[in-house]
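Asker: Sequences are here, hints too, so could you generate the full structure?
As given, the protein sequences belong to chains G and L, one line each in that order. Heads up: the first sequence begins at 1 in the working numbering, then just goes up one per residue. Heads up: the second sequence begins at 1 in the working numbering, then just goes up one per residue.
Note that these hints are calculated values from the structure, not bench results. Keep in mind the model is a prediction, meaning the values are calculated, not measured. Every residue, glycine too, gets a C-beta built ideally from N, C-alpha and C. One should not assume that every hint holds.
To be verified - Have a look at the derived ranges for each label pair, beta carbon to beta carbon:
#, chain 1, residue 1, chain 2, residue 2, range
1, G, LYS94, L, LEU11, 52 to 58 Å
2, G, GLU164, L, PRO112, 29 to 35 Å
3, L, ARG195, G, GLY54, 55 to 61 Å
4, G, GLY97, L, PRO138, 47 to 53 Å
5, G, GLU139, L, PHE148, 16 to 22 Å
6, L, PHE47, G, PRO16, 53 to 59 Å
7, L, PRO10, G, LYS94, 53 to 59 Å
8, G, SER166, L, TRP89, 51 to 57 Å
9, G, LYS94, L, ASN20, 52 to 58 Å
10, L, ASP249, G, GLU164, 53 to 59 Å
11, G, SER193, L, GLN135, 42 to 48 Å
12, G, LYS94, L, ARG195, 16 to 22 Å
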Amino acid sequence: MSVKMKLNNVSKIFGPKPKSAIPLVEQGKSKDDILAETGNTVGVYNANLEIKEGELFVIMGLSGSGKSTLIRCLNLLNKPTTGSIEVDGEDVVKFKGEKLKHYRQKKIAMVFQHFGLFSHRTVLGNVEYGLEIRGVPIEERRKVARENLESVGLKGWEDKYPDELSGGMQQRVGLARALANDPDILLMDEPFSALDPLIRREMQLELLDLQERLQKTIIFITHDINEAFKIGDRVAVMKDGKVVQTGTPEAILEEPANDYISEFIKDIDRSKIIQAENVMMRPNAVVSLKDGLNVAVREMEANGLSSVFVTDRSRKLQGIVTIDDAIQGIKEKSSLEDVMVRQVESVTKEAYLEEIIPKAVETKYPIAVVNDEQRLEGIILRVHVLSSLISEDG
Amino acid sequence: MQDFPDISIPLGDGADFIVNFLDDNLGPFFDFIFWLTSSTISTFDDFLNFLPWWLILIVIFVIGLYFQNWKSGLLFSTFIFLVGSFGFWEELMITVAIVITAVVICIFIGIPIGIIMALYKPFSVFMRPILDAMQTMPSFIYLIPVIFFFALGNVPAVFATIIYAVPPVIRLTELAIRNVDQEVVESAESFGSSRKQILFKVQLPQAIPTIMAGINQTTMMALAMVVIASMVGAGGLGEQVLIAINRLDIALGFEAGISIVFLAIIIDRVTSGIGDKFQRNKGDH
Numbered sequence: 001m002s003v004k005m006k007l008n009n010v011s012k013i014f015g016p017k018p019k020s021a022i023p024l025v026e027q028g029k030s031k032d033d034i035l036a037e038t039g040n041t042v043g044v045y046n047a048n049l050e051i052k053e054g055e056l057f058v059i060m061g062l063s064g065s066g067k068s069t070l071i072r073c074l075n076l077l078n079k080p081t082t083g084s085i086e087v088d089g090e091d092v093v094k095f096k097g098e099k100l101k102h103y104r105q106k107k108i109a110m111v112f113q114h115f116g117l118f119s120h121r122t123v124l125g126n127v128e129y130g131l132e133i134r135g136v137p138i139e140e141r142r143k144v145a146r147e148n149l150e151s152v153g154l155k156g157w158e159d160k161y162p163d164e165l166s167g168g169m170q171q172r173v174g175l176a177r178a179l180a181n182d183p184d185i186l187l188m189d190e191p192f193s194a195l196d197p198l199i200r201r202e203m204q205l206e207l208l209d210l211q212e213r214l215q216k217t218i219i220f221i222t223h224d225i226n227e228a229f230k231i232g233d234r235v236a237v238m239k240d241g242k243v244v245q246t247g248t249p250e251a252i253l254e255e256p257a258n259d260y261i262s263e264f265i266k267d268i269d270r271s272k273i274i275q276a277e278n279v280m281m282r283p284n285a286v287v288s289l290k291d292g293l294n295v296a297v298r299e300m301e302a303n304g305l306s307s308v309f310v311t312d313r314s315r316k317l318q319g320i321v322t323i324d325d326a327i328q329g330i331k332e333k334s335s336l337e338d339v340m341v342r343q344v345e346s347v348t349k350e351a352y353l354e355e356i357i358p359k360a361v362e363t364k365y366p367i368a369v370v371n372d373e374q375r376l377e378g379i380i381l382r383v384h385v386l387s388s389l390i391s392e393d394g
Numbered sequence: 001m002q003d004f005p006d007i008s009i010p011l012g013d014g015a016d017f018i019v020n021f022l023d024d025n026l027g028p029f030f031d032f033i034f035w036l037t038s039s040t041i042s043t044f045d046d047f048l049n050f051l052p053w054w055l056i057l058i059v060i061f062v063i064g065l066y067f068q069n070w071k072s073g074l075l076f077s078t079f080i081f082l083v084g085s086f087g088f089w090e091e092l093m094i095t096v097a098i099v100i101t102a103v104v105i106c107i108f109i110g111i112p113i114g115i116i117m118a119l120y121k122p123f124s125v126f127m128r129p130i131l132d133a134m135q136t137m138p139s140f141i142y143l144i145p146v147i148f149f150f151a152l153g154n155v156p157a158v159f160a161t162i163i164y165a166v167p168p169v170i171r172l173t174e175l176a177i178r179n180v181d182q183e184v185v186e187s188a189e190s191f192g193s194s195r196k197q198i199l200f201k202v203q204l205p206q207a208i209p210t211i212m213a214g215i216n217q218t219t220m221m222a223l224a225m226v227v228i229a230s231m232v233g234a235g236g237l238g239e240q241v242l243i244a245i246n247r248l249d250i251a252l253g254f255e256a257g258i259s260i261v262f263l264a265i266i267i268d269r270v271t272s273g274i275g276d277k278f279q280r281n282k283g284d285h
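Answerer: Take a look at the structure:
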């Protein structure tokens with residue numbers, strides 16, 4: 001993946017004489033000291049990030065960490081005090097007038113925490129706004145707006161006003177409005193924070209689906225570490241205006257850069273981050289339908305197992321057979337198909353532990369990991385589910 | 001006891017000089033304004049008098065029905081009917097014509113000034129004390145300079161009214177635009193809108209309900225001032241009040257007074273009704 005956006009030493013300082021605060025930040029003075037000395041507030045200090053094309057990049061931090069300031073630097077709602085932001089190799093900080101308008105109209109769009117919808121316009125009027133100000137003819141922009149509303153599941157709501165919609169639906173309008181512009185980069189400033197938890201989860205999954213289809217470069221802000229780790233390909237953690245660690249969720253979990261982050265990830269719900277593929281074993285012992293019961297018993301004995309999965313010729317999962325049933329079957333001269341259990345719990349590689357746990361409770365057999373064609377890709381023993389929930393230092 | 005020293009700072013002479021200077025040097029300009037205003041008033045007045053009385057009652061009913069409900073419509077047309085029965089039909093029409101003219105000019109002046117104040121902080125700082133002075137100065141004072149510029153009659157009345165009544169629409173326009181949700185303005189900006197697009201497509205439409213409240217206040221103040229402006233020869237209901245005072249005629253005074261009250265109620269309900277219509281399409285944040 002190529003680099004879509006590159007931030008070099010980006011700082012944003014608010015106040016009467018922003019540049020005067022830079023040396024003080026370099027000396028490592030705290031925000032409060034700098035405010036007292038110069039009257040300036042440090043929003044973001046020396047952010048260096050590389051965001052790759054098609055990546056869902058999450059910036060995580062508590063309130064006041066500068067994450068909203070940083071995301072506003074990316075479309076120049078905040079002009080950085082120093083530093084450069086390269087998008088496709090061009091420094092956008094230098095953009096002014098027409099060039100800046102063009103950048104905002106074509107390349108980058110934003111979704112806001114409180115939706116930022118135009119309450120005087122209908123849902124359709126909101127979604128077509130970006131195209132309208134670009135001078136796209138009415139027929140065409142309405143068509144694009146309708147398509148985008150449909151893709152976020154709001155077909156039939158075009159003529160309503162935003163205040164007639166629920167919060168979740170309003171944010172879908174915000175998303176459709178941003179997507180209608182067909183931007184390369186989508187900025188999302190805590191888009192789901194104002195929604196209740198149930199809707200938030202639903203929206204997170206929908207965003208992941210949408211991202212699968214659209215492959216945009218998404219920069220997503222959140223204060224919720226669970227959300228960050230759940231949806232982010234990579235995560236940057238911010239504190240007091242500085243980026244303290246950048247990496248994949250797994251990498252941050254495994255090697256937190258400092259105590260601050262370790263403290264943070266203590267609270268994390270690992271069942272929402274760890275996926276089936278992180279805990280499964282390769283399916284070494286498998287029997288095929290044509291092999292019969294004797295082979296099954298031998299396989300289990302050789303591998304020290306009490307049960308084994310049964311597949312067909314194309315490795316599609318058919319069921320599971322236990323050693324007791326197999327021996328009983330041999331005595332009664334039954335076939336493998338007669339004695340195997342066809343009701344097997346299966347999940348995909350992408351399934352999170354939170355989905356696997358209830359299945360592990362329900363069943364007495366291992367859980368099969370299969371792909372879309374029902375081919376067996378891995379096995380999860382129930383004990384693995386438990387052990388993976390315990391963090392290394394815990 | 002010590003008397004105040006014999007010092008005189010002739011601030012009043014300065015004001016006098018300015019008014020005279022303007023009158024001497026900008027004569028043609030004021031003539032043009034005079035012509036424009038007086039023809040606007042007489043156009044409104046002629047139009048209102050051209051309409052048959054029953055049609056006006058019906059129109060008032062329909063307006064009440066549209067902005068409130070049928071009861072208000074009935075109440076409004078009953079009010080107008082009563083004013084007519086006092087013998088003030090023509091006076092009512094003149095008063096309405098002057099108020100409408102003044103309010104229209106107030107809107108044309110006030111909204112742009114309010115917008116500029118909202119967008120340029122220094123202009124706002126400059127204008128604020130002027131607006132304060134305009135509102136606290138006793139309204140009678142405005143009658144003096146306008147007589148210099150426009151002699152006696154309806155035109156000076158309109159201008160005295162404008163000076164007195166324009167501050168609310170300016171202030172509330174500024175406030176309305178300032179108070180548009182920052183995130184909404186940011187979102188318009190993030191799509192690459194020009195400043196003009198942000199103003200006309202987002203800020204102004206979002207501000208309309210509050211601006212309507214300003215227009216409502218301006219209209220009510222204009223009505224109050226039109227009555228006072230009868231001292232400089234404005235016709236209409238105010239003139240009847242003035243006559244009643246001169247003659248100590250209680251009956252006439254009461255009828256003219258209550259007519260003004262009726263008119264005020266109708267204007268207030270209708271202009272706030274217009275604001276509510278806009279409000280209905282506004283969001284909850």
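Asker: For each hint, tell me whether it holds in the structure or not.
Answerer: Each hint, compared with the structure:
1. Checking the proposed 52 to 58 Å range against LYS94 (chain G) and LEU11 (chain L) shows it holds: the Cβ atoms sit about 53 Å from each other.
2. Judged by the Cβ atoms, the range 29 to 35 Å given for GLU164 (chain G) and PRO112 (chain L) holds: they are separated by roughly 33 Å.
3. Separation of ARG195 (chain L) from GLY54 (chain G) is about 34 Å and departs from the stated range, judged on CB atoms against 55 to 61 Å.
4. A C-beta distance of roughly 50 Å is found between GLY97 (chain G) and PRO138 (chain L), which places it inside the suggested range of 47 to 53 Å.
5. Judged by the Cβ atoms, the range 16 to 22 Å given for GLU139 (chain G) and PHE148 (chain L) is violated: they are separated by roughly 59 Å.
6. With their beta carbons about 57 Å apart, PHE47 (chain L) and PRO16 (chain G) fall inside the hinted range of 53 to 59 Å.
7. A hinted range of 53 to 59 Å for the beta carbons of PRO10 (chain L) and LYS94 (chain G) is consistent with their spacing of about 58 Å.
8. The hint said 51 to 57 Å for the Cβ distance between SER166 (chain G) and TRP89 (chain L), and at roughly 54 Å that hint holds.
9. Taken as a hint, the range 52 to 58 Å holds for the pair LYS94 (chain G) and ASN20 (chain L), whose Cβ atoms sit roughly 56 Å apart.
10. Range check, ASP249 (chain L) to GLU164 (chain G): Cβ separation about 57 Å, and the 53 to 59 Å hint holds.
11. Separation of SER193 (chain G) from GLN135 (chain L) is about 43 Å and conforms to the stated range, judged on CB atoms against 42 to 48 Å.
12. Restraint check, LYS94 (chain G) to ARG195 (chain L): a C-beta distance of roughly 20 Å satisfies the suggested window 16 to 22 Å.
This entry does not satisfy hints 3, 5, going by the numbered hints stated previously.
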